[in-house]
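Engineer: Each chain is listed here by its residues.
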Amino acid sequence: MLYKYKDIDRHVEIDCDVCVVGSGAGGAVASKELAEAGLNVVLVEEGGYFTTKDFKVDDTIWSTSNLYRDGGASIIMGKPSVMLSEGRCVGGSTTINGAMCWRTPGKVFKRWQWERGLYDITTNNMEPYFTKVEETIHAKSILPEAKNQDSELLRLGAEKLGYRYRANIRSQDHCVGANMCITGCPTGAKHSTLVNYIPAFLNHGGELFTNCRVHRVKTKRGKVTGVTGWFVDPQTKEKKYKLTVKSPIVIVSGGAVQTPALLKKSGIRDEKSLLGKNLLVHPNMKVVAAFEEAVNAWQGVNQGYQITEFQEEGLLMGVNFTSPGVLALAMPLEGNQMLRVLKKEFHHLVMGGALIEDTGSGTVYVGPFDTVVPTYQLNEHDFRQCIRGAALLTEVFFAAGAKKCYLPFTGMHEIRSPDDIPKIFQLKLKPAELELLTVHVMGTVPMGSQAHNSVLNSYGAFHNVKGLYVADASVFPTSIGVNPQVTIMALATRTAEYIANRST
Amino acid sequence: MSAKPYQIPKRAAQIILAISRALVFEPEDLNIPNRDEALLQRCRSILQELPVMYRMGFVMGIYLFDLCAFLFGCGFKRFISLSYEKQCQYLDKCLTNKMFTVRNIMSGMRGLIMICYFSMPEVSAYIGYNPNKHVKERLALREKLLKGSGRKA
Ligand SMILES: Cc1cc2nc3c(=O)[nH]c(=O)nc-3n(C[C@H](O)[C@H](O)[C@H](O)COP(=O)(O)OP(=O)(O)OC[C@H]3O[C@@H](n4cnc5c(N)ncnc54)[C@H](O)[C@@H]3O)c2cc1C
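Read top to bottom, the protein sequences are chains A and B.
If you count the first sequence from 1, position 469 lands on 616 in this note's numbering, and the numbers rise without skipping.
If you count the second sequence from 1, position 119 lands on 120 in this note's numbering, and the numbers rise without skipping.
Just so you know, the hints here were simulated from the structure itself, not pulled from any lab data.
Hints are not guaranteed to be accurate.
To be verified - Cβ-Cβ distance ranges computed for the label pairs, FRET-style: (1) B:A141 with A:G352: 34 to 44 angstroms; (2) B:S150 with A:P275: 20 to 30 angstroms; (3) A:T278 with B:S150: 20 to 30 angstroms; (4) A:T270 with B:S150: 25 to 35 angstroms; (5) B:G76 with A:T557: 25 to 35 angstroms; (6) A:K200 with B:S82: 42 to 52 angstroms; (7) A:E306 with B:S150: 25 to 35 angstroms; (8) A:Q484 with B:K134: 20 to 30 angstroms.
Stated by the list, open to error - With a straight-line cut-off of 27 angstroms between C-alpha atoms, the simulated BS3-like cross-links for lysine-lysine are: (9) B:K5 with A:K389; (10) B:K94 with A:K226; (11) B:K94 with A:K490; (12) A:K203 with B:K148; (13) B:K137 with A:K200; (14) A:K200 with B:K99; (15) A:K387 with B:K5; (16) B:K5 with A:K203; (17) A:K294 with B:K134; (18) B:K87 with A:K490; (19) A:K287 with B:K137; (20) B:K5 with A:K386; (21) B:K5 with A:K153; (22) B:K137 with A:K203; (23) B:K145 with A:K294; (24) B:K11 with A:K386; (25) A:K287 with B:K5; (26) B:K11 with A:K384; (27) A:K384 with B:K5; (28) B:K137 with A:K294; (29) B:K134 with A:K203; (30) A:K491 with B:K137; (31) A:K287 with B:K148; (32) B:K99 with A:K575.
Predicted, not measured: the structure shown is a model, and the values here were computed from it.
Even glycine gets a Cβ: it sits at the ideal position worked out from N, Cα and C.
Given only the sequences and the hints, what does the whole structure look like? Please build it.
Structural biologist: Structure follows, in C-alpha cells:
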C-alpha cells in the first residue's frame, strides 16, 4: 500500500516486522526482498512519489526541487567544498542517476578482506546477488539507436591513444537516449528502483509512507524498538503528523550522509566513534571540450562508454551531458559572457568527467534544527589525481579532434593544443582552487569483522545494537572506484536474505 | 493559521536580481517575459528545499555581499546602487577573491542563480536547447522499437 502525503490526515502508529528508512538503491532492494520473503515491511521515505509521467522535461528546477535533496544545492564543506547531488524522492538517487552498472572490482573486495576481515564478501560469494540485481534492473548493453555523439568522440579519442575503454552496461529496457536520466527518465526506460523494486515491494504487501522524514531510531537496552518521524507538507515544509513505527528490526538506508546523521541524532554510538567518519565521495573533475562540428551532446544516451585504462590507478573517465546551467558552472571563468559563449558553442560542447577513487575522507556532523553538515578534505594524492584526470581528459578530447578545451583552473582556462597539456602540471594550483562535485557518497558506517575498525558486521548489522542494520552506500569500508549502485543493491540483497533467514 | 510557502525577503530578492544581471550579460535579442518574477520563482523553489539554517545563511550572505560593497571601496554605495559596470567589477572581485571563504560563499550564490537562470525556457531556446521536441521524438522511437519486439510502450 502506498501512502502519499495527501492520504495522511492524522498521526500514524503502526507495528511491523521490519522498518526500512529510505527507498533508494539500498532501501528499496532490502524492502522488496523482505516483503517477498513474507515479512511485514514498512518503508518510510522523506521525499515524494513521482513517476515517469510526472517528470518535467523542460523544467530543471521542478526536478531539482522535487527529486533532489536541498533542491540540488547540497554542499560538502571543505577546501575545496564539493557540490553534492543526491536523491530525495521515492527511488532515492536511483531515480536521478545515470543508470551505469558495475560489479565491485575484485581488488576492492580483496582490500575489504585483508584490511577489514570481510572474508565472506568475495567475488564468488557475491555472484548470485549480482546476478539477481542485474536481472531485476535490466543491466544490459545499450541499443545502437540510443548512441550519442559525445560518447563516440570519447571512444574515438581512447582508440587513437590506445586506451582501454568499456561500452557501458546500463539499467534500462529499450533506452533510446532521451538523455534526461538525471532529471527523472521521461520514457520509463531507465530501471531505477522506482520502476522495479518499489512496485514489486508494493505487490508483495509492503507499506510505503512518503513525505515522512524519520527523526529518531528508537532503542531500549541495546535493542532497536522502532522509529519515529514526521510527515512534512511538501509545499510549506510544516511538520504535520507524527509517524510511530514499532519494529524489532530497523534497516537504515538514507544514504551515506543522512544515515550516520540519523543514527547520531538518535544517540547511537559505536565502540570507536567511527560513525559518520570515513565519508568518501569519488571526487569528480570536469573538463569541457569544444569541437568544430556540432556534437549535440544532449541527444543520445548518457555515458555510452567509460575509459578504464587508468582504473587500476583509481581513475575512471567518461562524458555526460548536463543541463545548460550545470554546463555553465563547469566553465567558471567565462565571466558574464557565458550566454554568448553558449549561444555560439552549445551544440559543439562535450563535458567530460574524471572520477577519482579517493583515499582521503570526511566526516558527517549534525547541527541544530535538524541540520546535517558533511565535511571532506581532499588529500594530496587525490588532489594530484584530479589534476591528472583533467589532463588525461584533455588529451582524449584533443585526440578525438577537439579544437579547444575549457579547464576550471585560474591561470589556464583555455587550452588549444595537446602540446600545452604539460603546462597544467606547472600551474601553482592549490586544492582549494578546484571545482569538484560528487554524486557518489559512501563509507560513513563501515562494515568489518571487528568493532575496533568498523560499526557493522559483514551483513550490515550493528556490532552493538540488536536488530539495527544499515543497507546503503554507508556500509562500504573504502572507495570502490566505480559507479556504486549495483554494489549497494547486491549487498542490500545479501543483508535482506540474512534477516529473512533469521526471522523465519 | 496554517504555514505558507517560503518567500524570499524583498531586499534579498532585489539583490539576487542585480547579481543575476551582473553574472549573465543579457543580449538585446533575448526577450524573457516576466524575467525577474520567473527567476525569483525558481530561486524560491530551491531555497524552500534547503534546511532552515542554510536558507538563512544564504540570505545573510546576500545581505553581506550587498553591504560589503559599501564597506570595501565602492564609493560608500551598496551593491544594488552601483552602476552596472561597477557591479560587474565588484562581483568579479568577490568571485576571484584571495580569501577562500569569500570565494566559497560566492560560488554557492553564483551556482544557485546560474542554474535558475539557465533553466528558463527562453534561455534554453536562445542557445538552441529544445529538450521537449527531442524527447517527443525519442518517445516515438521507443514506441516503435517496443512494438517491433511485440511489447506495449
Ligand atoms: C546524478 C546522479 C547520477 C548517478 N549516476 C550513477 C550511475 O550511473 N551508476 C551508479 O551506479 N550510480 C550512480 N549514482 C549513484 C547512486 O545512485 C547512489 O550511489 C545510490 O543510489 C545510493 O544509494 P543509497 O541507498 O545509499 O542512497 P539513495 O539512493 O540516495 O537513497 C536514500 C534515500 O533515503 C531517503 N532518506 C534519507 N534520510 C531519510 C530520513 N531521515 N527519513 C526518511 N527517508 C530518508 C532519501 O530521501 C533517499 O530517497 C548517481 C547518483 C546521482 C545523484
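Engineer: Look at each hint and say if it fits the structure.
Structural biologist: Hints versus structure:
1. B:A141 with A:G352: 34 to 44 angstroms: holds (37 angstroms)
2. B:S150 with A:P275: 20 to 30 angstroms: Taking Cβ atoms as reference, S150 (chain B) and P275 (chain A) lie about 28 angstroms apart, which means the hint holds.
3. A:T278 with B:S150: 20 to 30 angstroms: holds (23 angstroms)
4. A:T270 with B:S150: 25 to 35 angstroms: Between T270 (chain A) and S150 (chain B), where Cβ atoms are some 33 angstroms apart, the hint holds.
5. B:G76 with A:T557: 25 to 35 angstroms: Distance hint for G76 (chain B), T557 (chain A) holds at roughly 27 angstroms.
6. A:K200 with B:S82: 42 to 52 angstroms: With Cβ atoms ~48 angstroms apart, the hint holds.
7. A:E306 with B:S150: 25 to 35 angstroms: Holds, at about 31 angstroms.
8. A:Q484 with B:K134: 20 to 30 angstroms: Since Q484 (chain A) and K134 (chain B) have Cβ atoms about 27 angstroms apart, the given range 20 to 30 angstroms holds.
9. B:K5 with A:K389: holds (20 angstroms)
10. B:K94 with A:K226: Satisfied, since the Cα-Cα distance of roughly 20 angstroms is no more than 27 angstroms.
11. B:K94 with A:K490: Holds, at about 26 angstroms.
12. A:K203 with B:K148: This hinted pair holds, its Cα atoms lying about 25 angstroms apart.
13. B:K137 with A:K200: With a Cα-Cα distance of about 13 angstroms, the restraint between K137 (chain B) and K200 (chain A) holds, given a limit of 27 angstroms.
14. A:K200 with B:K99: violated (47 angstroms)
15. A:K387 with B:K5: holds (13 angstroms)
16. B:K5 with A:K203: It holds: about 25 angstroms lies between the C-alpha atoms, which stays within 27 angstroms.
17. A:K294 with B:K134: Roughly 18 angstroms separates the two Cα atoms, so the pair holds.
18. B:K87 with A:K490: Given pair K87 (chain B), K490 (chain A) holds - Cα atoms ~25 angstroms apart, limit 27 angstroms.
19. A:K287 with B:K137: Since the Cα atoms of K287 (chain A) and K137 (chain B) sit roughly 24 angstroms apart, the hinted pair holds (cutoff 27 angstroms).
20. B:K5 with A:K386: It holds: about 12 angstroms lies between the C-alpha atoms, which stays within 27 angstroms.
21. B:K5 with A:K153: holds (17 angstroms)
22. B:K137 with A:K203: With Cα atoms ~12 angstroms apart, K137 (chain B) and K203 (chain A) stay inside 27 angstroms; holds.
23. B:K145 with A:K294: Holds, because 17 angstroms separates the two Cα atoms, which is no more than 27 angstroms.
24. B:K11 with A:K386: Answer holds: K11 (chain B) to K386 (chain A) is near 26 angstroms, not above 27 angstroms.
25. A:K287 with B:K5: Given that 27 angstroms is the threshold and the Cα spacing comes to 46 angstroms, the pair is violated.
26. B:K11 with A:K384: Given that 27 angstroms is the threshold and the Cα spacing comes to 21 angstroms, the pair holds.
27. A:K384 with B:K5: Roughly 9 angstroms separates the two Cα atoms, so the pair holds.
28. B:K137 with A:K294: holds (17 angstroms)
29. B:K134 with A:K203: holds (13 angstroms)
30. A:K491 with B:K137: Holds, at about 25 angstroms.
31. A:K287 with B:K148: Distance ~19 angstroms between K287 (chain A) and K148 (chain B) Cα, so the pair holds.
32. B:K99 with A:K575: Between K99 (chain B) and K575 (chain A) the Cα gap is close to 14 angstroms, so the pair holds against 27 angstroms.
Checked against the numbered hints above, the structure breaks hints 14, 25 and satisfies the rest.
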